[in-house]
Amino acid sequence: MLENEALNTDNAPLRNIYRFGENAEIALSTHDLHVFYGDNEALSEGDLEFERYKITSLIGASGSGKSTFLRSLNRMNDNVATVKGQIMYRGIDINSKEVDVYEMRRHIGMVFQRPNPFAKSIKDNITFALKQRGMRDKNKLEEIVETSLKQAALWDQVKDDLGKSALALSGGQQQRLVIARAIAMKPDILLLDEPASALDPISTSQIEDTLLELKEKYTIVIVTHNMQQAARISDYTAFFHMGKAIEYDETRKIFTRPKVKLTNDYISGNFG
Amino acid sequence: MRRLFDEELADLDASFTEMGMLVSETIGKSVVAFVNHDRETALEIINSDEQINQREVAIEKKTFEMIALYQPVTIDLREIVTVLKAVSELERMGDHARDVAEATIRVKGTKRSASIEETIATMGEQTRQMVKDILGVYVNDDAQGASVIAANNLSVGQLSHQVRLDVITNIEKDSELATSGTDYLIVAGHLKRIADYVTNIAEWIVYKRTGKIVDLNPGNSSSFV
Amino acid sequence: MADSILTTENVRLYYGDKEALHGFDLDFPEKGITALIGPSGSGKSTYIRAINRMHDLTEGVTVTGNFMFKGNNIYAPTTDTVELRKQIGMVFQQPNPFPFSIYDNVAFGLRIAGKTKKVELDEIVEKSLKQAAIWDEVKDVLHKSALSLSGGQQQRVSIARTLAVSPDILLLDEPTSALDPVSSHKIEETLMNIRNDYTIIIVTHNMSQASRISDRTAFFMDGNLIEVSPTTQLFTDPKEKQTQDYITGRFG
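Protein chains in written order, with our numbering: chain A, 527 to 798; chain B, 417 to 641; chain C, 4 to 255.
Derived from the structure by calculation, the hints contain no laboratory data.
C-beta: ideal position from N, C-alpha, C; glycine also.
Careful: at least some of the hints might be erroneous.
Covered stretches of chain A, going by a simulated chain B footprint (3 or more residues, C-beta under 8 Å) [said to hold, decoys possible]:
1) 753–762
2) 776–787
Taking CB as the label site, the calculated pair distances span [to be verified]:
3) A:R545 <-> B:H453: 55 to 65 Å
4) A:E668 <-> C:G44: 29 to 39 Å
5) B:D557 <-> A:N796: 50 to 60 Å
6) B:F480 <-> A:N796: 11 to 21 Å
7) B:D557 <-> A:S622: 52 to 62 Å
8) B:A594 <-> A:R783: 23 to 33 Å
9) A:H557 <-> C:L60: 49 to 59 Å
10) A:K657 <-> C:K142: 57 to 67 Å
Required output: the full structure, derived from the provided sequences and hints.
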């Protein structure tokens with residue numbers, strides 16, 4: 527274990543949470559966020575800001591609160607937990623009652639661990655929600671299918687076979703289809719909950735490449751168990767431990783000289 | 417997931433080569449200043465050594481980050497390790513160039529020997545050329561070229577030996593040459609060291625290319641002069 | 004290899020007419036950890052399942068080649084597969100404890116084998132749970148349901164259950180891919196603890212895991228064994244370019 531005076535052990539969150547400068551464009555921020563499952567507080571003190579067009583990773587052990595935090599960001603916890611505190615998006619607290627949750631999720635989309643394409647054709651997977659929202663213009667729909675698949679780096683592999691069932695695709699392709707489906711709604715922010723953990727290294731690498739392409743246009747927040755993945759692709763990393771964001775900083779700082787001993791121990795594999 | 421890593425590796429290579437060029441230029445200038453008794457250029461070299469040191473620190477920091485973020489293996493690891501090792505050799509070369517510059521300031525005003533200074537000039541030119549060549553070999557990943565350049569070390573060693581013999585003969589004939597003679601020995605020693613470091617870099621290039629750690633300078637004396 | 008506990012030669016496996024493993028040889032020395040790495044569909048999981056005849060139950064799968072375990076032909080008609088799987092145990096990706104107590108999970112195979120003396124069972128259960136590095140966490144709750152444990156704990160109980168019947172070879176098929184890093188780390192520690200007592204063959208997608216824990220690494224691709232080398236060599240100076248491309252992330 528590292529003996530380093532620079533590492534502090536008091537875990538005082540405020541000192542170790544990165545604050546963006548005046549000029550940074552903040553896409554989403556949380557204030558005094560608390561999540562309760564019944565009486566059980568699963569998350570406290572998750573005050574984080576997410577910079578626009580950057581990839582931010584949330585890392586930590588199972589039960590550390592990182593997924594709970596992520597799911598709160600587009601109110602996936604509404605029916606399972608009580609979420610207190612503010613989640614500010616474009617000056618609006620999306621956690622307030624007046625917000626139309628479905629409309630909000632169009633802006634803040636979520637991709638889950640297991641690829642979950644609909645049992646429909648590749649094309650219908652992408653157009654389904656658009657049609658539901660009343661879009662009928664065939665040319666427009668086709669255009670969106672193409673651009674979404676291109677952005678998700680899947681177009682070249684499926685363009686001749688858009689009528690094929692999505693379920694016939696490989697796991698990695700399915701996951702990229704799900705990403706294409708999410709970005710067809712033109713969200714601002716993409717939340718990803720361990721999007722590559724069910725995939726092999728090659729598919730994982732393709733998803734990572736896709737995310738690096740996507741950050742040109744989207745703000746990305748990703749929960750990952752794979753610390754190497756966080757190190758490889760993200761600009762910022764937040765380390766969660768027992769329901770708190772313990773440390774949040776530029777990824778290269780987190781992985782070369784973290785400030786908090788717990789972070790250091792976690793990323794270097796000195797667990798418990 | 418190669419893209420970011422490859423970009424950063426290319427940047428690392430570029431910074432290393434740039435630093436190498438700066439060092440090679442400084443070595444060349446330090447020898448020219450010495451034989452031209454050019455105190456001003458010597459001072460300039462002494463003052464610019466900090467720049468070389470800063471570059472070394474920046475490159476080292478970058479390699480640490482790349483190892484922490486990407487956990488490279490095999491060829492990628494060897495490339496980063498090569499930069500990390502070779503950059504220290506470059507930094508030391510810079511220190512020796514600065515020492516030559518310091519000798520330039522010391523020796524000014526004492527009685528000198530044109531013929532020895534000519535030998536030193538030749539030695540300096542050969543050394544500078546070795547540094548330049550090794551950078552080319554590094555860029556081209558040319559293990560064989562690296563071995564060829566390392567072999568030039570022999571010639572620099574012979575010239576250094578020549579300087580030593582000439583200095584002894586000169587001092588025996590004329591004791592007034594003792595002051596400058598001492599500095600000639602020191603400067604020849606610094607140049608010989610620089611050539612030794614080139615050999616070390618050559619060994620790392622071979623490692624990068626083949627994964628084998630070799631000794632390209634077997635049996636050659638690494639004594640100062 | 005004279006000191007191999009398991010030798011496999013000209014391994015081929017067919018799904019119907021389609022050949023999925025294309026005829027390679029691979030031997031395992033006694034004790035130590037061999038990691039099998041490679042992309043999905045490379046054949047590594049298919050291969051270890053062939054070692055203890057897990058494909059027997061799948062319609063249409065044919066395995067050919069020589070599989071010799073301690074001098075006996077694994078695929079001989081006389082081989083008792085239940086006995087074989089006791090000696091060559093397998094741990095799967097998803098922890099799969101039985102819905103019994105922790106104790107009964109570990110004792111299960113022993114009871115099947117006719118061991119019923121409590122003293123003897125107690126002793127083996129304790130020893131196995133210790134080997135699997137979970138004893139301290141469960142010793143006071145041995146009669147709690149194994150399903151109440153965390154995923155990582157369940158996986159270590161699965162390992163203890165496999166070890167209880169004293170196998171020679173332990174096969175693990177991505178045992179940590181469903182676990183978080185803390186639990187994965189504990190499984191790795193468990194394997195390091197027992198590496199001198201068992202021959203361990205582990206399939207993993209996690210290349211740093213392979214490099215951390217294994218003595219030898221075998222790289223599979225498209226149903227072929229591309230390279231098997233000491234792990235330190237494979238990760239510093241692999242023999243084959245395909246291996247190098249894969250482990251440095253230069254995919255296709």
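Against the structure, the hints:
Against chain B, the stretch 753–762 of chain A contributes 4 residues with a C-beta closer than 8 Å to a partner C-beta. That satisfies the three-residue criterion, and the hint holds. Figure legend: the stretch 776–787 of chain A, annotated as covered by chain B; annotation consistent (4 residues with Cβ-Cβ distances under 8 Å, at least 3 required). Checked against the given bound of 55 to 65 Å, the beta carbons of R545 of chain A and H453 of chain B, roughly 57 Å apart, stay inside it. Distance hint check: the CB atoms of E668 of chain A and G44 of chain C are about 32 Å apart, consistent with the given range 29 to 39 Å.
At roughly 38 Å, the beta-carbon separation of D557 of chain B and N796 of chain A lies outside the given 50 to 60 Å, and the hint is violated. Range check, F480 of chain B to N796 of chain A: about 19 Å between beta-carbon atoms, so the 11 to 21 Å window is met. One distance hint, 52 to 62 Å for the beta-carbon pair D557 of chain B and S622 of chain A, holds here, with the actual separation near 60 Å. Separation of A594 of chain B from R783 of chain A is about 52 Å and departs from the stated range, judged on CB atoms against 23 to 33 Å.
Between H557 of chain A and L60 of chain C the beta carbons are some 56 Å apart, a value that agrees with the proposed interval 49 to 59 Å. At about 59 Å, the CB distance of K657 of chain A to K142 of chain C agrees with the hint of 57 to 67 Å.
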